Every structure is written in structure tokens, then in C-alpha cells.
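Undergrad: Assemble the dimeric complex from its two separately framed chains, guided by the hints.
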Amino acid sequence: MEPVFAVLTGIFLTIAVYLLLSKFIIRMLLGVAILGNAVNLLIFTSGRIMREVPPVIGAGLDVPAGPTANPLPQALILTAIVISFSFFAFLLVLSWRAYSSLATDNTDAMRVAEPVDAQLPPLGY
Amino acid sequence: MAVSTSPIDLSAALVLEPVAALDWLVILPVAWCICIGAVLMMIRQRGGLQPLIAIAALCVLVALDAGLLWHVSQDGPATMVMGRWLPPFGIAFTVDLTGALFALTAAVVALIGAIAAIDDINTSGRRYGFYPFLMLLMAGVSGAFLTGDIFNLYVWFEVLLISSFGLLVLGSEREQIDGAVKYGFLNLVATTLFLITTGYLYGVFGTLNMADIARKAASLQDTAPLVTLTALYVLAFAMKAAAFPVNFWLPASYHTPRIVVSALFAGLLTKVGIYALIRVSVMLFPFAREQLSLVIAIVAALTMLTGALGALAQTDTRRLLGYLVISGIGAMLAGIAIGGAGGIGGAVFYALHSMLVMTALYLASGLAARLGGGFSLATAGGLYRDHLLFTTLSLMLFFSVSGLPPFSGFWPKVMLVKAALDNGAGWLAGALLFTGFLTMIATGRVFLLAYWRPAPEGRATPQEALPVKALLPLLVLTVLSVLIGLLPETLLGLVQNAALTLNEPSAYLKSVFPAGSMP
Chain A
0 MEPVFAVLTG IFLTIAVYLL LSKFIIRMLL GVAILGNAVN LLIFTSGRIM REVPPVIGAG
60 LDVPAGPTAN PLPQALILTA IVISFSFFAF LLVLSWRAYS SLATDNTDAM RVAEPVDAQL
120 PPLGY
Chain B
0 MAVSTSPIDL SAALVLEPVA ALDWLVILPV AWCICIGAVL MMIRQRGGLQ PLIAIAALCV
60 LVALDAGLLW HVSQDGPATM VMGRWLPPFG IAFTVDLTGA LFALTAAVVA LIGAIAAIDD
120 INTSGRRYGF YPFLMLLMAG VSGAFLTGDI FNLYVWFEVL LISSFGLLVL GSEREQIDGA
180 VKYGFLNLVA TTLFLITTGY LYGVFGTLNM ADIARKAASL QDTAPLVTLT ALYVLAFAMK
240 AAAFPVNFWL PASYHTPRIV VSALFAGLLT KVGIYALIRV SVMLFPFARE QLSLVIAIVA
300 ALTMLTGALG ALAQTDTRRL LGYLVISGIG AMLAGIAIGG AGGIGGAVFY ALHSMLVMTA
360 LYLASGLAAR LGGGFSLATA GGLYRDHLLF TTLSLMLFFS VSGLPPFSGF WPKVMLVKAA
420 LDNGAGWLAG ALLFTGFLTM IATGRVFLLA YWRPAPEGRA TPQEALPVKA LLPLLVLTVL
480 SVLIGLLPET LLGLVQNAAL TLNEPSAYLK SVFPAGSMP
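Taken in sequence, the protein lines are chains A and B. Going by numbering that gives the first Met the number 0, the residue at position 121 of the first sequence is 120; the numbering climbs one at a time, nothing skipped. Going by numbering that gives the first Met the number 0, the residue at position 109 of the second sequence is 108; the numbering climbs one at a time, nothing skipped.
Keep in mind the hints are simulated off the structure, nothing from the lab. Quick caveat: nothing in here was measured; it's all calculated off a predicted structure. Watch out, some of these pointers could steer you wrong.
[Stated by the list, open to error] Partner residues aside, some chain B positions facing chain A, computed with beta carbon under 7 Å: (1) Gly183; (2) Gly198; (3) Tyr201.
Built from N, CA and C at the ideal position, the CB exists for glycine as well.
So here's chain B without its partners, still in its complex pose (with noise of 0.2 Å):
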């Protein structure tokens, strides 16, 4: 066939410049996670060798993520286009630092969670595939986080989807297959009404791209229908995010698995709902939202109060430490309800500090349990006396989670409070303050019968020293919130700088449409 001889001008459809070395940052994080996974997939029997190559993965990870941070924060969000194309056509990545900073947190938890993985995962479930699934769980963890195009989003939440269903059934207990019945089913129509959204939100703007969607929004809030596009991103957001009342997959799923998986669970998948919800509510539709601020407000106030009222009903650890990730759900929307630089930075730097400090409490279960003889309040007891250093960290989360000084839950709840108060919703800093005193009660039970309480009579007691590499993943998490709780000025500016980005996302649209290029 004849190739066409009349001269085509590429730089009409194509960017023409290659990629800046340092753009390449945004997508190697998602390439790199596909590429282990796949790798891990084929050496699906070797069980010694799977932990080392998945830690080393997850530590190269970090350090892009890390990367990523650091070159977002000195030059602004950054994009890549697949395949070339000038946006909106084709698919872009871009990350701006609200994206950067989810991810590099989400790629901590992930790592942590690999080297707890070695003590808690045995044979069986390593040649099940444990760490390609957390790979590839990983690899849509970031791809939500660093997408700039919502289709992809929607592609990137089910990848972490389906990988949380292989985690989730790993090992086939009868009480795994109930859970995952009720994750899998409830799981499936959020994203199903992510999906519908998508297509009727295709249909009113012709155009995928965030950036595009963001530019075009502000003209056409008079003729179309965008609230009602919002109001069913944040129904679909919030049943992935577990908001009061799309809730209740929760705590039926999240006692269940491993309790590798269930930390993994708590640090990674809520936030990414979160993370969603936050770009479209914030970004693309900011109208829209400061309509609909007074519905999330209540959404947040009733998530905060049930979850920390579920926390004090329960006797199994676990399922208490799945009405907490609940109960921080709604700390964080509060912050999307009221806005502003202090909401929003606020229900970011909530999210961030939630996805260690969960991910750390559902660790501190486990090794509780495994020291003190179950999950169940009714029969624990004793750690104080044996594990001093695993009661202090422990005792230290516990504050942390409930928003005390000095620790990292401390910080955000104070951003959160006064950007309610200033905005005169003082019932919602009540319930946020409410809240922390509830989770306090809910966390001090827990020190009380697990920890302070002696054993019980007749238990014989291990008296076993626990190893240090069963601690270390403890010790990093909780230096960490003791970390950012002390020194809380660097990540503090950060936050500050991503919600300023959100609210006024002209630095993102000129990431991905340098000036000149403008349609």
C-alpha cells in the first residue's frame, strides 16, 4: 500500500520533545509494581526467594515515590502522556503533591507490610501468592494515586480490586469466604457506580481527561447537571471509603484474612477512596461540592460517631479495629466538607497518618494475639508484665490514633477542628472532638484487658521474648507517628501546598497543557 506522501503536521496531535529524564518518575512507580508482580507470578514456588525479591521491589518503590515527591514538590506536578499524544487525547499520568505524597505513604505501609508478611504468611499462602498479589495491589494503589485521566482511575481501582479479592480468600477459611461474599458484592456496585458516573459524566463533557474536565467545569455549572455527577462520585467514593451508611462491608470483611492482609487492607484501600473523592470533589467540581458540603458534613459526623460507638462494642480486636479505620473515614470527609486550605490539608494529612497508624494497630493485634492467647477481649490479659516494649509501643498508638499529643493523629485533628470552628461549624468540631474522646475510651479498654490486666488462671504463659524482626515492623511505624507528631513542620508545608494546589488547580492544568497548547 502507498504510504501517504502529503506532510502531516505531528505537533497538531503528538508531543514532539521527548520526556524529560525526570518525568519519567511519574509512571515507573506503577510500571515497576506490574513488572515484580509478574515476576513473582512465575516464581510462584519458590517461597524463600518471594519475600527478598518483594522487599527489594518495595524498597526501590519508596525510593521512587520519594523521588516523585521530591521533584513534584521543587517543579511543580509533572505529566506524562501515554504514547505521546497532546492531551486531553490519550492517557495522562499526572501527580501533583497530594498524589505524590498518598503514594509514597502508601508504598511505606506496603513495604512494612512485606516484612511482617514473612512471620505471619506461611508456605501455603506465599505459593498461594501473597506477595504478587501485594505487588499488583500495589500496582493499582499507584495508579489511582498517579492517573491523571478518570477512566484509568476507574481501571486502576478495580486492578486493586481484584487484587484485594486473591488477598482477601488467601487460605479459604469458611469465615473468608463469608467475608469476601460481602466485600466482593458491595465492592463490586461502588465501582460499578463509578463506572455510570464516568459514562454520564463522558456524555455531558466529551472528554476524560481531569484537567480538561477541571478547565471546562467552571463554564458549564449553569447548563449541566454537575451536582448531580458529584452527588454520585461521592455515593460511589464513600461506599468505597466505608462511610456511614455504605458501610457495613467493613467490619464484615476486615476481621477476616490474615492479619498482614487486614493492616495492609486498613493503610491502602479506604484512602484510596478517599483520594477520589478528593480529586473529583475538590478539583473537578468545587462548586458542586461547597453544595453538597452540608450532606458530608453529616455523612462525616454520623461516620465518626458510629465508628467510634461500633470500636466500643465489640469484644474481637480486629472487627474494633475495623469501626476505627470507619470512624478516621469520617475525620477525613469532614475535612472535604469544610474545605479550604485548612479542611483539605487537613483531611490529607488525616488520611496520611491514618494509613500508618491503622496499618500499625492491626500489626499490634496480631502480635498481641499470637502473645497473649486470641483476639477476643473476654480472654486476653497479661502483656504488660512480659513484653514491656511491646506494651509501650502499643500504648503509644493507641494515643496516636485517638489524636493526643505528641503523636501524628494530633496534628491533623488541630488542622481539622480550627478549619471547622472558622467556618462556623462548631457541631462538627464537637463531633470530631467527641469522637477522639469515644476512640480514647474504645483504645484505653483495650490497654486495660489486653495489657494491664494479668493473665488469666491457669493460661500458661509464653514467656518467650518476641524476636526483633516481629517488632521491627512495629518500631518503624510507631517512630514514624512519633516523627511526624514532634517534627510536624515539613510534612505540615507539604499539606498546606496540596491543598493549595487542589483548590486552585491552575499549576496542574499547566502541567498538562503548557501554555501555547491550549485546544
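So here's chain A without its partners, still in its complex pose (with noise of 0.2 Å):
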């Protein structure tokens, strides 16, 4: 089961790049929730994939009887996935700001910080 993630998680990751690549922030925008899906799809994959044995504890038990999926690899996905959102919305609201205050969306005209035209420093006075 691990390889066939292991490619999804592989184009995922190469729609992300290429996304992530554009000029334009729109774009860049979808990499970065494509991106987020491939971490924490690679995370699941790292933990090893086991199907229908949950990780609970029979009663009268101290360990499981036999082996379990993990699920270290869901708890860390939890966390990603709220950080990934979080990110994912702050960056959205932020590209939506440039593209109001800017008037572009367009990653090489968005030149206000560093100005084209800046001059070099005196040589002397």
C-alpha cells in the first residue's frame, strides 16, 4: 500500500512545485493548499499504513493484543493540517490586500518595496 502513496504523495508534491513557480498569486495560492494535502499525506505514509486495527486497548489488557496502526502520524497530521489552514488563510487574505492595494497580482510588478529605480549610494560629497 506505502508505494502507491508514495507516488500520490510524488504528484502532489510536483503539482505544488509547479503551482508554487507561478507569477501570479492566485496560483501560488492553490500550491499552497495542494502543498499542505502532500505533507500530511506523506506524514500518514511514513508512519506505515495498516488497515482496521485501530489502536484501542481490550478491556482487561495492559498492551494491544497484537499490532495496531499508529497513530503518532494522525496526531502530527492534526497539527498541520491547523497550521496549514491557518497559513492558508492569513496568505489568502494577504494576496487579496496586494491585489487591492497593489492593482496587480503579478508577482514581478509588485516592485514597491524595492523600488526598480533605486540609485546607488553617493560616492563622495
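TA: Pasting the structure below:
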């Protein structure tokens, strides 16, 4: 099962990188969203996949009877989902704000902070 | 439901003896910052009260971190596990000398920033939440320095990143939005790469506790892709620390926010990346670091030189300082590339010096802009005649950042050059010294144009002397820099011990896994 998920993660990451390389912020945002999901899938696969054996200890036992699914990656993913969602929300608002105040979503044209015609410092006085 | 009556041996899973009183210091800095941040968030509308609470809270934070440093230097690394789980289960906070030194310096920088912000952040900035963001930023920074769990380190990175977003866009000017877009996307990619690598690391090791990883890494070095893991970590942390060629977010954004925010960022954020890189490459994967040392050395030399050359080409003093931050990162990377007690100790020492001095330089550029009419070198001038004390302090800081004695920049540079020469990397020592020379030219030109040159004709020179409270933060940082330069023995001893603990982490391991509890 893991190889299938590994390939799927690879496809997700490829798409995310391709979109992040775009000049247009809206595509970069889509790339960020897919990147977050690619990472979640990656952590899930890293924890090894085992179906239909929930990590629940039966009554009267101190340890599980046999091997169970690994619960830790799910806790990690839960944290990562919350964080990547909040980041995505912030970047979405920031991008909308950038679009409305800079009047462009092309990163090549966003030169307010780094003006194209910045002069060199004077050589003497 | 009937409770199971079978006797359960809790000592197999939990730490049964209560936590020693002093070990609470390990978690207190983080908990304190989060609590005060929440309180400040609730009284967001009380602009007058906020600075008082924040400054008092940061004074307590400095005391806590100083106590922690004293505790660690006396008794060795200290560990506290959340929920009293037996390591490697549960999230462990483990502090060694390196973490305690970084945390204390960061707290001092934040305290100075909070004092300087009284003048610089106006009512709307306070209402927008400058002080709560500062406290949460400190929670993230302290957490990153104190944690002993690599996934937890990622979480603290995100905490400090999201607070830094809030600080960066404080004011919502067009420049800030522009800078924040670049800062936001590139830092997100860097932390995601960190998370990806941590996922791989979990797949290889099955544990996230740093001490456990360090213990297992030695036996896995032939069978597991440790060099790949380390290379990915180096790329992720180099991006966070702004190393060439993944540093272009820094000069695009660091000059846009309020000057206090720039000063805090220059002092805190990139250094967290350096700290994480030291922790991972030196303590967890020392063999992989040796294999990658040439790559890191080349990156270090290019970072130093492009940083210094970039500083030479800037007219805006804030952007010039941004390039000097990058150049300093290169010196720290050089220490990591060299390795050994000298190299790592030099890198840690340089990071501590850089946190203090870069913050002071940004604050000085803010004051200079207020007194001399703007940040542009083309129009500044006339500071020397009217503001002698301020000029003296600035000149001392310029010398310090260039690495001249008797200031704090001198000793780490000596350590790094000596370590480079001892390891036969003469070209790296040359790059370090040449960078110091270029930095001297860049800062010397700032002094010549903004301070020494008479004010341009026709500009009404503000005659008012600087109030003491505006000069106080700068004065404290400069005095610290001079003191470190004149009396380096204590700090040198601490830094060398810190490097020894990193290179030979048996004390760190013993703190997490006391004898007998090795699983």
C-alpha cells in the first residue's frame, strides 16, 4: 500500500511546486493548499499504513493484543492541518489585500518595497 | 463502566517522582509568554497600560532565562516531559547551555525592543496588537530554543512565524503588504520543507525526541539516508536563516515594517534558523554534517560576501542593514561548516553578538532617520555636529558589526578564523576577514554620509536633543557589546562548554534518559 501513497504524494508535490513557481499569486495560493495536503499524506505514509486495526486496548489488557495502526502520525497531521489551514487563510487575506492596494497579482510587477529605479549611494560629497 | 483492577506498573510509562522545583524553569519562559500574550490580547484597547505590562513581563522573562542559564551551567542539561510520560514518549523540553544562552539573549533583545517601542509604536499600532504579538513571538522563540522534540520545534517555528506576520503588516502600508507577500510565501515554503523532512525522519527513526534520535543515529548511519535528511534540513533552515542563495525574502521585507519590528526581526528570527541548524546538524547528525561540510562552507562564504557586497550597493540604511544581517548569517554558517569546539563555539558566540548588535543598529538607523531626515544616504547628514553621544554610540556599533576590537564582534571572529586555519580552510578564514573589511567600508560610508557630512543646505536641522528614554535602548545594547568585548572570559567559557555539549551530547542524553530508564 505504501508505494501507491508514495507515488501519490510525489504527484501532489509536483503539482504544488509547479503552481508555486507561477508568477501569479492566485496560482501560488492553490500551490500552497496542495502543498499542505501533500505533506499530510507524506507524514501519514511515513507512519506506515495498516488498515482496520484501531489502536484500542481491549478490556482487561495492559497492552494491545497485536500490531495496531500507528496513532501518532494522525496526531501530527492534525497539528499540521490546523497550521497549514491558518497559514492559507492568512495568505489568502494578504493576497486579496495586496491585489486591492497594489492593483496587481503579478509578482514581477510588485516592486513597491524594492523600487526598480533605486539609486546607488553617493560616492562622496 | 468497571475500572480495571489489574495492578498496572505505571513506572513503565510515567515518571513517578515529582518534577524538581528548579526544572520547572525549563517550561516557565514559554508558559509565561503565552499567558501574558493572552492577557494583553484581552486588554487590546488599553494603549497606555500595554507597554507597562509587557515590559514588566519581559523583565520577568529575562530573570527566568537567567535563572535557567544559571541552573543549566551548574547542574548540566535539564529536562521536563509534558504529562510526565517517560521519554521518548511525550513531548520533552530539554535545555542545554546553547538553548539557555540563546533564550536569554533573545529575552534581552525583546525587552529592549519593548522599551524602544514606547516611542516608535503609536496608539493605533498598540490597538492593532503590537505587544500581544511581541509576547507570542517570544513564546515561539523561547519554545524553539528550549524544546527537545523535533516536531515541537516545528510547531514553535509556526508560532513565531504567524506572530511575525502580524508584526510585519502592522500599519498596512503598501510597502509592507508587498514585503509581507514575499516574506509569507517563502517562509511558508521553508517551514513546509522542514515538516516534510520531519515526516521522513519519523519514517526512518520512528521517534521525534531529539535525544532518542541522536542515540539511534550512530547505529543507523550505514543503512538509513541520513545525509539526505540532513541536506533537506540544511536547505530548510538555511532558508529560514536567509543563507545565499535562498535569502531574497529578507532584503525584500525587512525594511518595510516599523523600525522596532525590523530590529526585533533582525535580532530574533534568522537566529532561530541558525540555532535549529546547529541543533540538527551538529548534535543529531554529526556524520552527515562532516560529509556536507564543504557544501555548507561554500554557501557560508557566498552568503558572507554577497551580503557585504549587497550592503555596499544600498542607499536605504535599513536595506543596508538587512544585507549585513545576511552577511552575519554567513559567518555563523562558516562556524557550522568548520565544526569542532572552536567552530561551533564561534558560531554560537557570533549569533549571540549578532542578536544584540543588529537590533541596536536598526534602532540606531531609526533614530538617525528621525534626527537627520530619512533613511536615504543621499539626503542624510549633520548628525555629528548636533548629537555627539548618539554618534559615538553608532560608531561603536559600526566597529562592533565589522568585528573590530574591543567590541563584541571581535572575539567570535577570532574564534572562527582560528578554527578555520586549524582545519586547513584558509580560504574560509580569508573570506571571513575580507567580509569584515567590506562591512567596515559599508558602515564607514554610512558614518561618513549620514553623520560626518554637514546637513544639506536649506534643511531645517532639528535642534532638539534626543530624550534619554529614546537613547536608553541603544545605550544598553552598546554597553553590553562593549562589556562582552572587554570581559569575554565568562561568555567564552560558557560558549565553549555549550559547543562541547553539542559535539558530545552524552550529558544531554543522560538528562532525557537517566541511568536505568534506557528503553
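Undergrad: Confirm or reject each hint.
TA: Do the hints match the structure? See the list:
A distance limit of 7 Å between C-beta atoms decides the matter here; for Gly183/B the minimum to chain A is near 6 Å, and the interface restraint holds. Restraint check, Gly198/B versus chain A: the minimum CB separation of about 4 Å is within 7 Å; hint holds. About 5 Å separates the beta-carbon of Tyr201/B from the nearest beta-carbon of chain A, less than 7 Å, and the hint is met.
Every hint, counting from the list given before, is met by this structure.
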